[in-house]
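Novice: Residue-level listing of the chains:
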Amino acid sequence: MREDTIYWRSFEELTNHPDFVKNSQNEFNLPTAAEQDEAAQAPDRRDFLKKVGFGLTAAALASCETPVRHVIPFLAAPEQIDYSNANYYATSYLLEGEYCSLLIKTKAGRPIKIEGNKLSSITRGGTSARVQASLLGLYDSARYKKPELGKKEATWAAVDAKLALAVKSGKKVVLVTPSTPSPSFNEVVSRLKASIPTFEHVVYDALPNSGIIKANKINFGTGVVPSYDFSKAHTIVSLGADFLGTWVSPIEYSRQFGKMRRLGKQTKHMSRLYVVEPLMSLTGANADVRIMAKASQVGAYAAALYNAVSAKMGQASGVDAVTGIDTKAIARMADDLVANKGASLVVAGSNDPAVQQVVNAINYTLGNYGNTLNLTIPLLTNTGTEEGIASLVTGLQNGSIGTVIFSGVDPVYTHPQGDTLKGLLKNAVTVSLDHTPTDTSDVCGIVAPGHHFLEAWGDYMPKPGFYSLGQPVITPLFQTRQAEETLLKLAGYNGQYYDFIQAVWKTKVFPQQSIYTSFTQFWNYTLHDGIFEVGRPSLRGKELAANGGDLEAPYEYLSISGTAPASFAFSNRVAATLAAKPASTGMEVVVYQKVGMGAGTQGNNPWLLEFPDPITRITWENYVTVAPEVATAKGISLNECQTSLVTVKVNGKEYSLPAIVQPGQDPNTLGIALGFGRKVVGKAGEGRGKNVFPLVSLAAGFTDYIAKGATLENTSETYMIGAVQTSHTNAGRPVIQEATLAEYQKEATAGRYMPKINTPDGPMNPTDLSLWKTEVNKRPNHAWGMNIDLNSCIGCGACVVSCNVENNVAIVGKQEVVNRREMHWIRIDRYYSSQKTRDEGASNTELETAAKNPRVTFQPMMCQHCNSAPCETVCPVLATTHSSEGLNQMTYNRCIGTRYCANNCPYKVRRFNWFSYPQNAERFSIGTFNDSLARMVLNPDVTVRARGVMEKCSFCIQRIQDGKLQAKKEGRRPVDGEIITACAQACPTDAITFGDMNDPNSRVSAAINEQYEERAFRVLEELNVRPSVSYLTKIRNT
Amino acid sequence: MNVTASIRPHLVNGGKTVSDVTNDISRQVESAPTRLWWMAFGASLVLLGWGSYCLLTTWFVGIGVWGLNKTVGWAWDITNFVWWVGIGHAGTLISAVLLLFRQKWRMAINRSAEAMTIFAVLCAATFILAHMGRTWLAHWALPLGNTYGSLWVNFNSPLVWDVFAISTYLTVSLVFWYIGLIPDLATIRDRAQKPLSRFIYGLLAFGWNGGAKDWSRYESVSLILAGLSTPLVLSVHTIVSMDFATSLEPGWHTTIFPPYFVAGAIFSGFAMVQTLLLITRRVFKLEDYITVEHIDSMNKVIMVTGSVVGIAYITEFFIAWYSGVTYEQYAFTNRMFGPYWWAYWSMMSCNVISPQLFWSRKLRRNIATSFIISIVVNIGMWFERFVIIVSSLHRDYLPSSWAMFEPTMYDVGDYIFSFGLFFTLFFLFAKFLPVVNMAEIKGIIKGSSAPKEGQLKEAQPVQPATASN
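Line order of the protein sequences matches chains Y and U.
Take 138 as the starting number for the first sequence in the working numbering and just add one per residue.
Take 16 as the starting number for the second sequence in the working numbering and just add one per residue.
Simulated from the structure, these hints should not be mistaken for laboratory data.
Wrong hints could be hidden among the right ones.
To be clear about the criterion: a stretch of chain Y counts as covered by chain U if any three or more of its residues have a C-beta under 8 angstroms from a C-beta of chain U, and this derived list gives those stretches [stated by the list, open to error]:
(1) 589–603
(2) 724–734
(3) 999–1008
(4) 1023–1035
(5) 1050–1057
Glycine included, every Cβ here is placed at the ideal spot set by N, Cα and C.
Extracted from the complex, chain U is given alone in its bound form (with noise of 0.2 angstroms):
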């Protein structure tokens, strides 16, 4: 089924054959954990650990360890709340809407994606947890049966859709990429050596058997879940934004927030990606999969997304002039020249300025360049939720009110333990799991019969290559 026209170049270099492809891939997951595994790893656990020490405290102390104030209510805790969550676009969107759209590069690329995808919602789901004043009475924002008699959620409190929204993605998007794992765990479950590797991979290939039934389901399932987890991807953030787009604080209270924030969110997620990839394709040398041309598209998105955000920037100021109120005007005004022009005008530079350096061919194909920009663009999007969050509360409606936030010790460890927990599940993830979906991937490379390299030019027919293993 898969058709490639001619005159792209190949998603796989290195003339692999189907063979080499499972045992590229398959390397990492058989083989002891290298050096350079167990030190990531090993960082990622004292991350882990000292964030664990900070928001065990928070939880146990109370939130108070935070720098949060009367005034300012949301700081780093929905800050990294939503970064996360936006992160955690674009394993989806790779993996559903691209594959509707027949987007063949994101075979090399949509399982690490996802995967990020959900370790992304993971952490952000522990700051949902975190910033609660009561963490232990957190399940009371579910619809849940209870003996009070008619209490139930409040539907019409944004909080609750995004409890909804978030469950519903995290769930999608676990099946979506445990489906996807499925034909590549039975391969590795028939290599394995060791009776235990077999046993626990066969648990987990789920009695695939590479029969054409088998393959067919494959395809159908993934087909009906990206169906499905498509309109999520725009549903989560839209609804995230809606935290914001239905109160009333100047500087939130704006209708452009769902839109604005997808783009967000896929710019940022595709940020990550991008930065994720380029380690592990160093680190496992998966260069011939995870080429060039993958990441050049990759950048072709961050910057297109990044000048949507740009627009969107601007466009709240132009709306914030033209409402003609006063709180709005000045919310905006603020963000640029108030105290906290420092984190405006990093958002500004990092995701505005920096993604238009894409413009460039060179630079966009510079594996340097890229992997740069990649981090500044996250920084940029986490200053992006903190100028919203904090810069509009801290000076909202009565200036009575008015107050600096400044975060604590706390607020930094709870941060880095998201990062600790994110490392963490991604090394074991790399370490375990392949990182590459082998059965796609084998779809797309060339045929011993397909044009050597430089023939691509001469226009002729390509032979549609079998989805086989």
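Extracted from the complex, chain Y is given alone in its bound form (with noise of 0.2 angstroms):
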């Protein structure tokens, strides 16, 4: 070390400062007294767990209190949301006075399908097509998206002025809706009422049940639609009444007929369905013993009817002998009906009242009352009238009207006298709150949209004391708002909807139960499971859990039975006038609702309008229905989709219309569907059939279908139509197998085509038959398999437009149906029977021909998953293989498009992806894959197919794969039930069932097992491929 050399430690050493001499003289640099009280006072480790504890408590107190009002967006991911796991909302659907229970499946944040709620008594978990497709209303890029004032983009605050402003004209305010069976709306109209003097609330339904409402006003002091239950109905007679299709409530019928038409070892017995009717409807084609009359003779088989039924029960009914029509027939559903009185059910489609009345006097003359139709626990859906539209009209002609809103009606559209409205339109401040342009909406001035339903909330009480929710399962696309919020503002409330929907549910509501004791428990649970029902147990999540989860296990459903009338004023003066109004002579235009479109609210809806109508199998627009004889005498013609085009005039007005076909019509009725050629509609729905609306009547007041003295003149101009179906009867073919009840009372095998092969040690079943002398088809986990009942199975097509939404399956436009290309995964063959059988020795043109009043049968047909497949060994890339659990799996990534497998398939339920169907926006602009928003409804588990792949059911691998991950997460085996392909979950009658078929006490394998060697077979069974689907024979109640 030299001697110059300073070593320092710091600056403060260096330059000596005052403080370091001071410190360096302490080895322990240690807190002075006023540093240590300082520290003291400082939080230490458990001060700071306090307060974090308190932290946590009072934010989730906090939250308690403040409960979120938004529908949180993914930026902000909610604990226990995941991407890859759907999660599912109740919530409810009610449209065009169809109401369904719903649990919508969100992923990602976004609602992806829909599926029916198995807790409500009223639906039981069915759907439909319509309510399948209802999803994509959502996501349909021609919503409004702003609100408009005078077709200009505003803001809200503008339109909130604009409002405020034209209720205060001092002329009448009015509110027409369709009829809305909401507690919270109610009281929205009410608080208008109280605060706007002039307002008043019209209810408008397009297909309005008044004749039903005014027969039960006058026969029974009661204006209702009652409740109908099919399921206790041994004997049903429907005077053109399509229950299963289109007529009041749908989806609860086809439920409870769909009950009553089961069969098995212990169940021999079915109920018997009656249909006179004029046109072939679903009911109709799933009826026992159809009667075809015109539409305006219905009502002498009423009369006919009741005089028959009376004279059985021995009262006088005022009747004499009707003719004109069937009587051995109206003989025998008297015989019928008094058999069964108290459990049968006679059920009319006019809307005449007087017609109604009779009914009611059958029904009332049986004892059905209290049994199978209540008037104590109404349907409270679509009970408007038509006197509300009119007043509408009148007051709009003489100026006392100043403001019109409408909410969810489109009456330019479906009014007879639309025209005229439209014109009267003019002398008012119209506003609409519809979220989707209509071409009522598009002459209104100021357009306040509201939200789609699955953004919405709201209530329902479909029928007194079962109650509904419906919530919202995304944050609104647009900038939308609730119509109810909308409206309130204009009774100077200015909260939220959810808070008053809560408000009145806590006063009207929750005092109606006892289960739970704060409200905040009881909303939450009815949340959850999206109904309430009085005097019923909830059936809340956690009950759920305690049965092992099995979402199959049988509900205690609420029954919806009442107790019998007290009084019944009827004169057979009604019935005897109907007997005596004669026929109307030529043809009668009846305007009918399709299964698919209804009224045509969701028009614009491409997998509606990609649905082939159950009946005639037609797609993408309407026609003319016209009787075979009919149809050669006017040199009509259907020759695969070419047909002509036909002109058909009535009451003045003229319609040029594609003519179709139609076996089991009426010869002197023409059908036309209503629901098509909306003008305002957008894209998918524009140009789209004719609209029929201008057809429909009032009768004495009340809404007709049928327009007498019609003429049909055929153009012979040649027009091509979108049918998936072009050969209309089995053929002889024993791909559908059918007996009837007595036969099948008296044999179990009755119908069945049992094939042998003929080997050298005799006769053997195909099934017997193999190459191989070791079991190649091992099946050591899982053999997935699927049962349908052709008994049960009505022909809805719910499962249709399910699979669609579920799989991702392609919308390909008219023009690739009529070239024979739609790529529905599943179809309902429909098999019209023929005159003669091939073994009475028809021939082959003679089996291709349907019957004039044929029989038929609906035949679900998706991949077979053959477990000898021939389209498996046929691929040269291996392409589609199969899986050890019996799944028949097509590798979209490996297949190089030959369409071998296609052709080897002999239940050609294969699809080709022709063209690129996704990122081909010029030829396919109209569908789910082209349009960025409509997009958003795609099934993210689903790989959309790429253009030169084939494609077919995959029995819905992506929910099989999802069920047996949650089982293995759980470490347990799935439940029966658990895992359920889509077309199964909607099916409104249970009639598909999908299981494992290793697991014998599941509900497939015992479908199967219970009936095997009798009503179970396998379509094709002689080619021995063995497939995984089996089939339950049809058998008939004839």
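Take the two lone chains, each set in its own frame, and fit them into one complex as the hints suggest.
Specialist: If you want it as structure tokens, here you go:
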């Protein structure tokens, strides 16, 4: 060390700072007393934990106190919500008078699928094609995205200001809505009434049940639509009521009806359905006995039936013998009804109160009230009458109405005087609260768009005591606002509708139960369940878990039975007048609803437009249905998809539409479907068919769907129509196997075709033959299988739409349907019977021609998942292979598109991607693939198929995997019913059963085993392809 | 080695000498293309151009541009494929089987027949590629090594058998054809005036020097290849027929298909050879080489195979009835009386009835009749495949799925493409390569010491002609 070098530790030491000098004395630099005090006050670990604990508790408490009032976006990912897991939320559907309780499947925050809610005693998990498809309405790019004033985009503030001004004009303010059985909406209306003295509420239903209501008012003094219970009816007579397709509450009735069509070892009886109708309806197609009659004759049938039933019951009917009808059939119906009195049901589709009164009289005479009909728990949907809209027209004419607010109605399109109304609306301030443009909203000066029902809160009471909640499942996509909030603002209430509903429920619904002590608890569980039914212990999630999470376990549904009415006021003169009323001469046009389209509210829904009508199997438009003999006389023939344009002239109106030859149609009747030809609808629905609402008329104040004195002319112009099935009979082939109930009761194998193969060892079952000595189809774990009861299947097509939604099935448009290239993975083959059978010596041509009044069979057909699959052996690249669980799998990535598999498929269920359906906006602009908004509906678990590959039903493999994974996570085997395909889920009659055939206790095993070698059969069994799908024979109670 | 029975008429007319043969056949190779050739070639290019547009559209847009649908998954594509493969049968049959059977008359026609075979198989291959949904992955049908683990082709699939059968056939036919060309290419090389021609033909001639060793090897290779390709004549169409026979479509699932398809293939192949020869002999003035005798022999084969095919049609019907299978019976009734009745009756009249005219020697030796019937037969054979494929598929098991097939512009256009390709290649061949095997034909011309015409009836030993050039 050199002497002159100074080593230092700090500048303080170097400079000999006084502080340094002072502190250098102490070896340990301890804090001073003042410093110690300070440290004592700083938080230590325990304090920290205390504070954090307090903070968390406070935050938790605070969250209880302040509910989150908006749907949480995924940016701030909520706990327990994972992109890869689906969440289900219960909500409710009410459209065109059809109510359905739903579960909405959401994934990554997007609603992607609608399923039925099994907790509801009304719909019991059933859905319909229209309900399934309603999801796409949310992602409809034609929707209003912002409020509009005079067709120009505006702010909500401006709209509110305009509205506030409009209701203060002193003139009448009319709110037009469909009948909305909602406690909170009713409260909204009463608030409006209270705050706006000139306020009026008009209920307008496009297709009202006013005839029934009027008849019940006269007969029982209570103007309601009763609840019907088809599940208790052994004999059903439908006089033109399509209760399985479109009449009143079809989902509910389908469920009930399907229950009475089940047969098995223990059940050898089923209901018998008589249908008298002019057109072939879905209900008519399911009839055991079907009689064709003119629509104007149906009243006479009702009178004659009343007469026959009364005679048998020893009562006077006052009806003379009715002429011109099938008296033998009437006698048979009467016998059957009387034999099952108290357990029978007569319904009529006519909106004529006289007909409905006679029907009431028949049901009353038979003692059906309190058993199959219930007036004390009526149906509250679709209870509008014709008077309301008439008063609106009058009010607009005399100028007493200053403001009209439309919400959920489209009278310009659906009202017969729509055009007149459209002109009159110019005299008033018009407001539309609809979320999507309609013919009516298009003429409205103020458009204050509401939410789609999947974005909105709502509550319903479809029947007294049966409550149902609607909750949003996604943040509003556009600048729309809950319609009720817009209305409440006019009544001076500026809060949220959510709070409003809660307030209503707190006072009106909560006191009706005793299970829950706190309203919050009641609200949360009810919201979870989606429904609350007075008098029934609520089935909440906890209880569901207690029974092993078995979603399929039978629930104790609330019975909808009631008591017989005390008095019945009916004059026999009504029946006598009907009986004496002569049938109209000449042709009648009957305007009817299609199962998939109804009144056309969902007219821009490509799923519904491409949904083949269950009866005609035609897509995308409406047409004139013509009886075969009329078609022959007029030179109309259907050649594949080619038909002729015809001109129908009636009531001074003229329609040029394609004609369809419809077996089973009354020769003096023409049928045209409603719901098409909307002017303002959107891209998909634009220019589809013609609007026949102008043919609807008022007969003595009641909506009448029959237009008399029609003429039909063949223009001989050809027209291509999008039909998915062009051969209409089963051509004498045993692909459908059927028998009558009597035959079945005698011999359970009745109607079965049991092919035998001749071998050196004698005739053998095809499935007993194999090239291999050992079992090649080993299924060590699961063996997925499906059973379809042809007897319960009513052909409604809910499964078809459900499958399209679940599996991202391409919508190909009308031209491609004409080219016979629809992509549906499941189809419902509809077969008519021929006049003569092969055994009776019918030729091929005769076998291929439908009978005049054919029996109809529906056969859902999808990939049969053959265990010796012909498609698998022929694929050169092993793109389609078999899984060890019995699934025939399609590996899209590997497919090179030779189409050999499709050719070799005996069931023709394979579908080829002829074009690139996605990323091909020029060709396929309509649909879910090429619209950025509609694409949100795609199921992220299912590949969107590329051009040039084959696809087909996968048995919803994504659901199977999901279910297996869930079970694996919980360390258990999948429970039967936990894994279910989209088609089976949607089925309103539970005709489709899916499950593990390796599990002897599964319902699918039970369905097959119970009726093994009896009703259970596999289609084309003789080919020995060993399908995993089996069917149960169709039994007709003729 | 060529020994001809004295009672047989001579196969080459006009008293041709060896140098006449060389001159006659090399002429069109060496001289400038004729106006007629240009016109024909131009027409082929137009077909090829239009066809290419259609085919490229098909490939870019997807085979949705065709008329196929959910029920009819194959129609014109596979019809054309089978049709072209069938046509491709004549070449091998003529060059291999007839070689083994020592049918000398084949010598004048085998070159063009083989060329036609190759072009026909190429045309067939375009349909293999075109009919795929994802043509760009066509190589997946080959058992190539890959990085996917044990991912392999499906050896159960007749389409994989097809890949093997057709690629083998194409390879063997190509080699056989080319080996046969070598001595002639050497002749042209040696006669060539321009250095470029000399260079190109010199390359193509593989250094042929005409020595005895070359000839010995040439003969051996020809025999070996003939032996190799003879089974192919039977196997290729047998395997093509299995595309149908091993399926379970009613109307396809038939054990008679292999022999029936082979007979049909020979039938159509001979008809196509006939068509082309009748044109070639006229255009290139080769009437002395391709004589009425040849036409007569070809017509006999056409008649026999046509009758075999006819019996097969009738047998199918009998078996369908005898099987008692509803679907099978319907498929055949539907062929006759269903919506595609016209295709069926076209097939029957073209294939079964028209060749029966050849029982008459006069008609058999009539050039116009032969030409017309050769075309009629190929129309009939196209309909045969159309009937088998479309009329079976369009109405099979479930009536709900029954549908009709209607061709579109692109179905037609892609077929036209194959014609364009075929004729373009054929005219190029006819211009730049000798259409008759000069080397072989020289072995069957009359020697200078051979008897003159009219002396044939007097039996006398004929000197064996020597194979020399």
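Novice: Run every hint past the structure and note whether it holds.
Specialist: Taking the hints in turn, this is what the structure says about them:
1. 589–603: n = 0 at 8 angstroms, threshold three: violated.
2. 724–734: Violated: only 0 residues of the segment 724–734 of chain Y have a Cβ under 8 angstroms from chain U.
3. 999–1008: Violated - the segment 999–1008 of chain Y has 1 residues with a Cβ nearer than 8 angstroms to chain U, which falls short of three.
4. 1023–1035: Per the Cβ count (5), the hint holds.
5. 1050–1057: This one holds; 4 residues, not fewer than the three required, reach chain U with a Cβ under 8 angstroms.
Violated hints, in rising order: 1, 2 and 3; the structure is consistent with all others.
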